[in-house]
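Generate the whole structure from the sequences, applying the supplied hints.
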Amino acid sequence: MNECCWIAVGFDIEKNSKIYKEVIMMNTFLTEKYSNTFVFSSLNIPHLNLFDFDIPCEIIPLALKRLGEIAKKARRQKIVIKRVCAFPFGTIFIDVEKQHELLTLHEKIVHALSPLKGECVSNDYVRHWKDYTSEQKKLLKQYGSPHVLRRFIPHITLGHVKTDDLIKICKEV
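492 is the number that this note's numbering gives the last residue of the sequence shown; the numbers go up by one with no jumps.
Treat the hints loosely; a few may be bogus.
As the list claims (entries may be wrong) - Lysine-lysine pairs mimicking BS3-like chemistry, simulated, CA-CA at most 25 Å apart:
no., residue 1, residue 2
1, K417, K334
2, K401, K340
3, K427, K384
4, K449, K340
5, K427, K391
6, K417, K397
7, K417, K337
8, K449, K460
9, K490, K417
10, K397, K340
11, K401, K337
12, K490, K352
13, K481, K449
14, K337, K490
15, K391, K417
16, K417, K392
17, K456, K427
18, K397, K334
19, K401, K352
20, K340, K490
21, K427, K460
22, K417, K457
23, K417, K427
To be verified - Quick list of simulated restraints, FRET-style, between CB atoms:
no., residue 1, residue 2, range
24, D484, E377, 35 to 45 Å
25, Q418, K391, 13 to 23 Å
26, T423, T347, 32 to 42 Å
27, L468, N442, 17 to 27 Å
28, D450, K391, 32 to 42 Å
Hint data in this document are derived by calculation from the structure and do not stem from the laboratory. Quick caveat, the model's predicted, so the values are computed rather than measured. Even glycine gets a Cβ: it sits at the ideal position worked out from N, Cα and C.
So this is what it looks like as structure tokens:
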């Protein structure tokens, strides 16, 4: 089998936007308060996640070409944030409203890129402690991610925390 590479598709939050400034403030707060347990890469520019999965590394140029074609037709997205939440495995994120244009963009990206995945599957998605529904298992097999289409949760990742007190952290931010 060819070497697999993880790719993530999303779009950056504009640096002069209110959301960007709020995300930076939240990351600073979490980094200072939970310095022993909170993980956030300073290289990770605030962005809205749209799709991530693994593909053969040599296919990346084709994936970029397909993304470029979608990007040419895509319009600027206005997002509505809802609240700070956490996935059970420790990712703290800002929940974004599921708007029609955003969901349509996500679907276009998934359908354009997932056929390129070959036999690749992200190691992160197959960890033994991750518990998926039968629908999510099918999505993982077909699209390379259990969090696509109807299971897609648009979000802005704040970081990852290693603690069981996720609800408390979400309320503090």
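query: Holds or violated: are the alpha carbons of K427 and K384 at most 25 Å from each other?
result: holds, 14 Å
task: Below or equal to 25 Å on CA atoms is what counts here, so check K417 against K427.
output: At roughly 15 Å apart (the allowed maximum being 25 Å), K427 and K417 satisfy the hint.
message: Hint check: K401 vs K352, CA-CA at most 25 Å. Holds or violated?
response: Cα-Cα ~23 Å, so holds.
- prompt: Does K401 pair with K337 here, judged by a C-alpha cut-off of 25 Å?
  reply: Holds, at about 14 Å.
Satisfaction of hint between K417 and K490, Cα-Cα up to 25 Å: Distance ~22 Å between K490 and K417 Cα, so the pair holds.
message: The hint says 17 to 27 Å between L468 and N442; measuring C-beta to C-beta, is that right?
response: holds, 22 Å
field: Hinted pair K337 and K490, Cα distance within 25 Å
entry: Between K337 and K490 the Cα gap is close to 20 Å, so the pair holds against 25 Å.
- prompt: For the pair supplied as a hint, K481 and K449, is the alpha-carbon distance within the 25 Å limit?
  reply: holds, 15 Å
query: Taken at face value, is the distance from the CA of K352 to the CA of K490 at most 25 Å?
result: holds, 13 Å
Agreement of K401 and K340 with the hint, judged by alpha carbon distance not exceeding 25 Å: holds, 16 Å
- prompt: Is the straight-line distance between the alpha-carbon of K417 and that of K397 25 Å or less?
  reply: holds, 11 Å
message: For the hint 13 to 23 Å, verify it against the beta carbon of Q418 and that of K391.
response: Distance hint for Q418, K391 holds at roughly 21 Å.
Of the numbered hints given earlier, the model fails hint 4 alone.
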